[in-house]
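Chemist: Here are the chains, one letter per residue:
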Amino acid sequence: MSNRGRVGRVSGGIFGLLIVICIVVAVNVILGNLHIRKDLTEDKLYVLSDGTRQILTQLERPIELKFYFNSSERGVPVYFKMFAQRVQDLLAEYRLASGGRIQVQVFDPKPDSDVEDSATKSGISPQLLGMDGPQLYLGLVASTGGGQSTEAIPFLDPRAEELLEYNITRMITRVASARKPVVGVLSSLPVLGERRPPYPMPGMPEPSPAWYAFRELRKDYDVREVQPTAVRIDDDVETLIVVHPKDLSGEAQYAIDQFVLRGGRLLAFLDPVSVIEAQQQQQMPQMRFAPKSSNLDKLLKAWGVTYDPAKVVADLEAMTAAPSPGGRFEESPVWLTLRKKHMSDDVLTARMESLRMPLAGAFAAVDSADVKVDSLIRSSDASALVDAMTAQFGGDALRREFKGGLKRLDMAIRLTGKFKTAYPDGKPKPEEKAGDEPKPDVVMDNTPGLKESRQPTTIILVGDSDMLFDANCLQQLQGTGFAMYINDNFALFANAVEQLAGGFALASIRTRGKTGRAFEAVRDLLREAQERGMQKELALQEKLTKAQQRLRELEMKKTEGQKLFFSRQQQEEIVKLRGEEVNYKEELRQVRKELRSGIERLGLKVKLLNIVAMPLLVFLLGAGYWGYRRLRMRV
Amino acid sequence: MESIRNTMKICGREMRTYFASPVAYVFLVFFLVLTGFFTFGQYLGSYYESGEADLRRFFGWHPWLYLFLVPAASMRLWSEERRAGTMELLLTLPVTLNQAIMGKFLAAWGFLALALALTLPIVPTTTIMLRGDLDGGAVFGGYLGSLLLAGTYLSVGMLTSSMTRSQVISFVVSAAICLFLVLAGFPPVTAMLENWAWPAVIKAVASVSVMTHFESIQRGVVDLADLAYFLGVMVVMLVAAHVTLSGRNRA
Numbered sequence: 145m146s147n148r149g150r151v152g153r154v155s156g157g158i159f160g161l162l163i164v165i166c167i168v169v170a171v172n173v174i175l176g177n178l179h180i181r182k183d184l185t186e187d188k189l190y191v192l193s194d195g196t197r198q199i200l201t202q203l204e205r206p207i208e209l210k211f212y213f214n215s216s217e218r219g220v221p222v223y224f225k226m227f228a229q230r231v232q233d234l235l236a237e238y239r240l241a242s243g244g245r246i247q248v249q250v251f252d253p254k255p256d257s258d259v260e261d262s263a264t265k266s267g268i269s270p271q272l273l274g275m276d277g278p279q280l281y282l283g284l285v286a287s288t289g290g291g292q293s294t295e296a297i298p299f300l301d302p303r304a305e306e307l308l309e310y311n312i313t314r315m316i317t318r319v320a321s322a323r324k325p326v327v328g329v330l331s332s333l334p335v336l337g338e339r340r341p342p343y344p345m346p347g348m349p350e351p352s353p354a355w356y357a358f359r360e361l362r363k364d365y366d367v368r369e370v371q372p373t374a375v376r377i378d379d380d381v382e383t384l385i386v387v388h389p390k391d392l393s394g395e396a397q398y399a400i401d402q403f404v405l406r407g408g409r410l411l412a413f414l415d416p417v418s419v420i421e422a423q424q425q426q427q428m429p430q431m432r433f434a435p436k437s438s439n440l441d442k443l444l445k446a447w448g449v450t451y452d453p454a455k456v457v458a459d460l461e462a463m464t465a466a467p468s469p470g471g472r473f474e475e476s477p478v479w480l481t482l483r484k485k486h487m488s489d490d491v492l493t494a495r496m497e498s499l500r501m502p503l504a505g506a507f508a509a510v511d512s513a514d515v516k517v518d519s520l521i522r523s524s525d526a527s528a529l530v531d532a533m534t535a536q537f538g539g540d541a542l543r544r545e546f547k548g549g550l551k552r553l554d555m556a557i558r559l560t561g562k563f564k565t566a567y568p569d570g571k572p573k574p575e576e577k578a579g580d581e582p583k584p585d586v587v588m589d590n591t592p593g594l595k596e597s598r599q600p601t602t603i604i605l606v607g608d609s610d611m612l613f614d615a616n617c618l619q620q621l622q623g624t625g626f627a628m629y630i631n632d633n634f635a636l637f638a639n640a641v642e643q644l645a646g647g648f649a650l651a652s653i654r655t656r657g658k659t660g661r662a663f664e665a666v667r668d669l670l671r672e673a674q675e676r677g678m679q680k681e682l683a684l685q686e687k688l689t690k691a692q693q694r695l696r697e698l699e700m701k702k703t704e705g706q707k708l709f710f711s712r713q714q715q716e717e718i719v720k721l722r723g724e725e726v727n728y729k730e731e732l733r734q735v736r737k738e739l740r741s742g743i744e745r746l747g748l749k750v751k752l753l754n755i756v757a758m759p760l761l762v763f764l765l766g767a768g769y770w771g772y773r774r775l776r777m778r779v
Numbered sequence: 052m053e054s055i056r057n058t059m060k061i062c063g064r065e066m067r068t069y070f071a072s073p074v075a076y077v078f079l080v081f082f083l084v085l086t087g088f089f090t091f092g093q094y095l096g097s098y099y100e101s102g103e104a105d106l107r108r109f110f111g112w113h114p115w116l117y118l119f120l121v122p123a124a125s126m127r128l129w130s131e132e133r134r135a136g137t138m139e140l141l142l143t144l145p146v147t148l149n150q151a152i153m154g155k156f157l158a159a160w161g162f163l164a165l166a167l168a169l170t171l172p173i174v175p176t177t178t179i180m181l182r183g184d185l186d187g188g189a190v191f192g193g194y195l196g197s198l199l200l201a202g203t204y205l206s207v208g209m210l211t212s213s214m215t216r217s218q219v220i221s222f223v224v225s226a227a228i229c230l231f232l233v234l235a236g237f238p239p240v241t242a243m244l245e246n247w248a249w250p251a252v253i254k255a256v257a258s259v260s261v262m263t264h265f266e267s268i269q270r271g272v273v274d275l276a277d278l279a280y281f282l283g284v285m286v287v288m289l290v291a292a293h294v295t296l297s298g299r300n301r302a
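Residue numbers (the working numbering), protein chains in the order written: chain A, 145 to 779; chain B, 52 to 302.
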């Protein structure tokens, strides 16, 4: 074959190759912009959640989203560029799902440009990356009605990517609502501040101011006080916060019941022991043993939630130094300092690092056909429910309460769905107190109540009310009006209110991209081991204490009898007891070592199976097949 | 159809040669030990210690492990024929070059698919022994992504082995190209480009990277754009191999 022919064929081939490359690149570019994708994950982690879709379809006015990212700036790391790309992909989905009601614009704020000015005016502040690093603009602004209402996320933190959808939807909700949401507050504690008495007398204490958390609440919401004696929650209250409801009348509980059934969102802080009340009662000895717990018993029962107001959560992995009755400070497992591991992956708690809950109760609820239960804050595996009274006395009595075994407890849960009424027979009759005059001019409201939820709603239950009190959330800096948050208590409150006030749809948005699927077998082993260890430790501790007590008794006898030496018998006993003491200490050490060995054994089995077993199988098969072939060749 | 039957015939012929030699078994053993070791190893994947039923610690290593496992599998595809002189024999059979290429490719890809399938025990280990709730969609996405990744590296190997008689050169060059595909999106590479290329070019280079597309699929989201990327690279490489082989064999 001639050379020319060959060259012709090759160059024809290369030309064909170039065409193929062009086609492939074109297809890739087109598909890259179309985002035709299917999310196969079980939790649908990577597409817009139903909650967002619902909010977008209910938008009344068009909303403009402006995304500011200075991609052209030198030295912006690829990490941010890729994140910005994902943000833009997400915004594109918002646009698609909103049916045109959301417009997205992308801006690159170059230095000293008009774009940069408008970014700063809208509240987007640049972040400096490192000492000499470039300034990074990565913010989002939502506005509506020609700029009438604007909200901004000044900086989208890539580290909080799992909250991206929630934050964007939250911002859209805020900008879309024309007025401040109405939030009702019902409490037996003076959270909204005590009223000034009409005739203040000298020597009377000043009325206490509203709690900080509630003062802040007034900034973003239209806060209405709801009396604990209320028989009805006003129709324009869509979100209700209940704090430490003590001895609510049947009518008040009915009011809350109907509120929930008509679609109102509820945030309730119940408490087996209100430390604030306990402290107040210290001042008045006759009130020492008055109850300090709150409950919504009828309602909780109807919602399928178990809660014991006489028990508090004791968590060995959340201990805090607290004053004990003896006046000293000791590590108490009922004064809970909760850390990241106690928080669930929910949007509300995902970024939280620490919470303080003094003497909190626990809720137990399971998913049902109509109601889904999410755990928001849970104890570690080394916890138990202990008697509230005993808990307040601390010390050894508390340790004994652990005999019942260890488990995980939920201190805050969220219920989503449709509920049934707690009052199937209708509104309860008003309780008549002895000596009351009958009130003839009260109009009885006889409208039949709702028997079940008109529409799905959300209820968040938290097992402690003290966590909202100023001293437990923040620290006032001396002399200034500034306060510093000492934990995430306030953040939890603010986020919970916002999520509920934003409506049912907002509350249903989940964190994106989080898994959190644990090896249950390992968890069970760990819990089992800890329980066994705990039981053994308690038993050994008791024996040790007894032995030490006996030794002391002997010492005392010696002093009484004025003898200088022990009798032989006593000496023998002392030696024996000392020996036992050493043994018990050694046994305790062994128990702790055993804790891990069961788990390590499982790990070894798993690793052997996966690293050695399969290759071995292949090797044997191969050797077998090869041997078989060689045998056949011989024949 | 005639052409499909021919392709499958070539495919079958190749597969049988694989399993006739101990090399295939050695390769499989190596593959399984390495993936297992990297997944469970103490300073590597520590899958068991992580306590989480997330196979990211298993799939995450594949782009790196395949860098030398797949070129090793592909290096003999054409080089062997050229060296042993069986190339002419192959092409006198009543099959077209296309069918031969596809047949060999599918055989090698099938072999890698088998190796991948042999890693499946990790799924029942997690769900039954450890009682971890694996996300089925993510697992499917992981295996799909890994399969496509292996196919992509393989197609690169097809090209390099068609260009040279030496298996070693084929191995080294295909590993180098695959390494480039992996690193294209990485900071050191883009930083180097940033100083003298337009942002559009940098973005284009980054999108050539295997990593973004692989990571996207293996988390459980199947985007046509990612599928188009993998298939696109494979098509380009196989066409290039065709050009190389058709140019050479007429000599």
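Incorrect hints may appear among the rest.
What the hints assert, rightly or not - Derived DMTMM-like pairs (lysine to aspartate or glutamate); straight-line CA-CA distance at most 25 Å:
hint, chain 1, residue 1, chain 2, residue 2
1, A, 182, B, 100
2, A, 571, A, 475
3, A, 442, A, 378
4, A, 182, B, 131
As the list claims (entries may be wrong) - Covered stretches of chain B (in silico footprint by chain A; criterion: 3 or more residues with CB under 8 Å from a CB of chain A, positions within the stretch not fixed):
hint, region
5, 181 to 190
6, 209 to 220
7, 261 to 273
Unchecked claim - Some chain A residues flagged as far from chain B (calculated, every beta-carbon gap over 12 Å):
hint, residue
8, 170
9, 186
10, 251
11, 299
12, 495
13, 537
14, 560
15, 661
16, 668
17, 754
Everything labelled a hint here was simulated from the structure, so no lab data went into it. Model, not experiment: these values are computed from the prediction. In this text, a Cβ means the ideal position worked out from N, Cα and C, and glycines have one as well.
Chemist: Any hints this thing doesn't respect? Which numbers, in order?
Modeler: 1, 2, 4, 6, 8, 9, 15, 16, 17
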